[in-house]
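A.B. asks: Below are the chains, spelled out letter by letter.
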Amino acid sequence: MNNAYLVFKNLTRNKLRLFLNSFAILIAFLLFGFLGSLQNAFDSGVELSADDRLMVVNKINFTQPLPIAYVNKIKAIEGVKDVTHANWFGGYYQDPRQQAMTFAVDAESYLRVYDNLVLDEKSQKDWLSNQQGMIVGERMATSYGWSVGDRIPLSSNIFSQTNGSNTWDLTISGIFKPSNPQTDTNFILIHYKYFNETQKWGGNRIGWLPITTLDPSLNQSVADAIDKQFANSSAETETSTESQFNKAFLEQLGDIGFIISGVVVAGFFTILLVVGTSMAQNVSERTGEIAVLKTLGFTSKRIFGLILSESLLLALFGGLLGLFFAGFFVTGASQEPQLKNILPNLIMSQDIVLRSLAYMLILGFVTGFIPAWRAMQLNIIDAFNKN
Amino acid sequence: MNSLIKQILAVIGMNIRSLPQRFWTSLTTMLSIAVVVGVLLAFLAMSDGFDKTLNSSGADDVAVILNAGSQAELNSGLSGEVVKIVTDAPGIAKNENGPITSPELYVIVDGIKKTSLTEVNLPLRGLSLNGLKLRNNVKIIQGRMFQPGKNELVVGASILDQFNGFDLGRQVSLGGVTWTVVGVFDAAGSVFASEIWADYRAVQTQFNRGNSFQVVRVKLETAGDLSKIEAFIKADPRLSMDVTTESEYFSEQSSGVAVLMGLGWGMAIFMAFGALAGALNTMYTSVAARSVEIATLRAIGFKGIAAFCGTMVESVVLAFIGGVLGTLAVFVLFDGITTSTMGASFSQIVFSFDLSASAFITGIQFALIIGLVGGFFPAWRASRIPVVVAFTAST
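Sequence order for the protein chains is H and Y. Letter 229 of the first sequence, counting from 1, is numbered 229 in the working numbering, and no numbers are missing. Heads up, the working numbering is the position in the second sequence plus 1000, with the first residue counted as 1.
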């Protein structure tokens, strides 16, 4: 009798229990895989920030504008490598409830500062030469089925044109790709100059200034120098690193994220507890059999190994199935338009997969170890007496 | 008939009394059901609390007029001229000074959240004293109201409670201009309690808004009747606006939380399946452990239905205790906790977790469903155990 056969027979002896246990483990890892991916998507904005990128915003709040003259003033500050600027356009496509995130930017410098957005040379040239051109992130282009050359009526829920309409007719000059798969590309970039000239309120105002420094070690001194320069003016600035900025923004969602993750951890581990108890029981019911195996000459070590591999196998079987379904749900959810705006970079990362695998092994080990240890220590005479 | 009831009661008693023999599996089943119910109730308490805040904010006899397509006060922009035109529309209630209207501005300023010490978006509303006529539940509880034209702020009670930087008497610097917090107002748990208010002229000057506004609130002649205003806007080519009642406006703002609630229910249902697997396992084990006993009872004349009921009740009792435990835990940990999140208008909305009686009932129902389903199949098996098992000694 080889070991694999014994383990298999023991696993499948009570098919109902095997099914129930696998199912509970499946659910636990399905939840973990799915919600872990959600959490990761929340955090990825912070983790993926470039360490030499700073954000300059109005000190009152980042939704308040800044004068466009700040671009050149900041460029002159020592340690600053590149300066660009962006405005929130409040874009939507056809349905006002379906936000299409759009920024009006200075095209050339924006692509330089955000070098993690990859645009081929021809598209870049086309965009720079076409005032009414826009470039669209790969994710957004895919979800709307857009391709280069399409004419898209893009509306704004904030601005309107001088002619009263709040819809701009724009042509797609190119589709940009992310340099890292988790980088968000669910947005549109349009020309600030064209936007500023055609919108009714006018005013040469910009939303915020992303800048790069010559070296990350200069970040603090550059930030201080910028904020000092505009202190006590009517548009004071607040400069922070991109990761600080993104983090602060996410914090605004508040304790809700914390509640979700806390609750998930509780649920996940309770299910594991249930399964663990049942697995331990599974083995303790077989005391008599184990005594027989020992009488037949099975070494204690071999029995220990048999029982441990049985629980490991069960944990991996249920867990991998759960992870598979989680992957399926994550893919489904990432296509959901409402989630797409909140969590543009929802994918199941390698990190989640590895962590799940680690938990599966821990589950298998913890639930198998004590019964396996007891089986190993089992005194044959006692066991037969008990029966 | 009487004897059948006696049988059933006897078997139930035996099942319950033998619970300690299966202490760990019973306990984990109970715990897993408690967690499932707890998760569900935590989400319910959160969304009920949030909804309660939004629903208590909107009035049916107040209309909110925004620039067409803007969806939220923050995005909207209305020039002084169009505001003047629309405030003369028919259907607006009047008093001795004319139509009761309040043109307002809505901008965002930074505050510091006390629990995390991070910067958050707080709404600053610019309005005239007329705005108070459209909000009956607002009253000053400390200090005084702002004076027209002055750089003075009054803050909602929730702002004082949850955020730093806007204490009474404090000087606040916005773009080099100093503002003073002169009063605190209570807004009866509505969204307005999470707002900072100032005179609209001062806000227009501070934020370079010229003579423009963002939203106009008007008192309706007939509650809920927007038809006259809508017709008026449609007839005038200079006007391009959306009109909703205030209550409808705020209930649309809660759609983001609906997504979260969907997630909460989805999670609770998935976890319930996990807990169900646990409960089934426990009950099957219970039946297997007592199969000799059950068969013996059958041999001396007990009916199958008695065995069925015994297992069923055991399962339901476990589930019920689990459900109560989960509910109590949520009640102790979450009920009344005040927190804030970013609402649809891009700024913080303060709300309290609110565990309502109906949520409590939902939770217990949820637990009982798990208990019933988890008990049914094992109970069925118990009622089918053949008498012969009693005589075949160990299984």
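Watch out, some of these pointers could steer you wrong.
Residues of chain H placed beyond 12 angstroms of chain Y at every Cβ, according to the derived structure [unchecked claim]:
id, residue
1, Glu138
2, Ser179
3, Leu273
4, Thr331
Label-pair restraints from in silico Cβ distances [claimed, not checked]:
id, chain 1, residue 1, chain 2, residue 2, range
5, Y, Leu1129, H, Gly332, 49 to 59 angstroms
6, H, Val118, Y, Gln1171, 17 to 27 angstroms
7, Y, Val1332, H, Leu253, 40 to 50 angstroms
8, Y, Phe1377, H, Trp373, 27 to 37 angstroms
9, Y, Asn1097, H, Gly332, 37 to 47 angstroms
10, Y, Ser1356, H, Asp51, 42 to 52 angstroms
11, Y, Ser1079, H, Thr171, 23 to 33 angstroms
Note that these hints are calculated values from the structure, not bench results. These numbers were taken from a predicted model, which means no experiment stands behind them. Cβ atoms here follow ideal geometry from the backbone N, Cα and C, with glycine treated the same way.
A.B. asks: State for each hint whether it applies.
C.D. replies: Now the hints, each set against the structure:
no.	hint	in the structure
1	Glu138	24 angstroms, holds
2	Ser179	29 angstroms, holds
3	Leu273	5 angstroms, violated
4	Thr331	16 angstroms, holds
5	Y/Leu1129 - H/Gly332: 49 to 59 angstroms	52 angstroms, holds
6	H/Val118 - Y/Gln1171: 17 to 27 angstroms	49 angstroms, violated
7	Y/Val1332 - H/Leu253: 40 to 50 angstroms	25 angstroms, violated
8	Y/Phe1377 - H/Trp373: 27 to 37 angstroms	33 angstroms, holds
9	Y/Asn1097 - H/Gly332: 37 to 47 angstroms	57 angstroms, violated
10	Y/Ser1356 - H/Asp51: 42 to 52 angstroms	47 angstroms, holds
11	Y/Ser1079 - H/Thr171: 23 to 33 angstroms	31 angstroms, holds
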